[in-house]
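Residue numbers for the sequence shown follow this note's numbering, beginning at 116 and rising by one.
Simulated from the structure, these hints should not be mistaken for lab results.
Computed from a predicted structure; not experimentally measured.
Check the hints yourself; a few may be wrong.
Stated by the list, open to error - Just the calculated beta-carbon pair ranges, DEER-fashion: (1) Gly178 - Phe153: 31 to 37 Å; (2) Val148 - Arg171: 19 to 25 Å; (3) Ala142 - Cys177: 17 to 23 Å; (4) Arg145 - Ser176: 22 to 28 Å; (5) Ser172 - Arg145: 17 to 23 Å.
Built from N, CA and C at the ideal position, the CB exists for glycine as well.
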Amino acid sequence: HSDVAVCGRLSWTVDNQAKTSLALLRAMRRASVLDVSFGDAPVGSISMDGFTKAYRSLGASCGFPTADVAP
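Whenever a hint applies, use it, and build me the whole structure from the sequences.
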């Protein structure tokens, strides 16, 4: 997470650590849109509508708990 805003929204950089992935998933649950960029170049936006339901379904199908992200 960064305090620097990109297009008026908070900026995230994923570093493949469990604590970062968990924080990103939690932010995705709360967000309405996820903006994707590579470096400084924006490449698109992804709607987060239905994220919680989809994440719970994925957890049920794959056998992992989801309460830490989507209680």
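Each hint, compared with the structure:
A hinted range of 31 to 37 Å holds for the C-beta pair Gly178 and Phe153, which are about 32 Å apart. With their beta carbons about 20 Å apart, Val148 and Arg171 fall inside the hinted range of 19 to 25 Å. Between Ala142 and Cys177, the C-beta spacing of about 21 Å keeps the proposed range 17 to 23 Å intact. Arg145 and Ser176 have their C-beta atoms about 23 Å apart, which keeps the hinted 22 to 28 Å range intact.
At roughly 19 Å, the beta-carbon separation of Ser172 and Arg145 lies within the given 17 to 23 Å, and the hint holds.
Violated hints are absent here; each numbered hint is respected by the structure.
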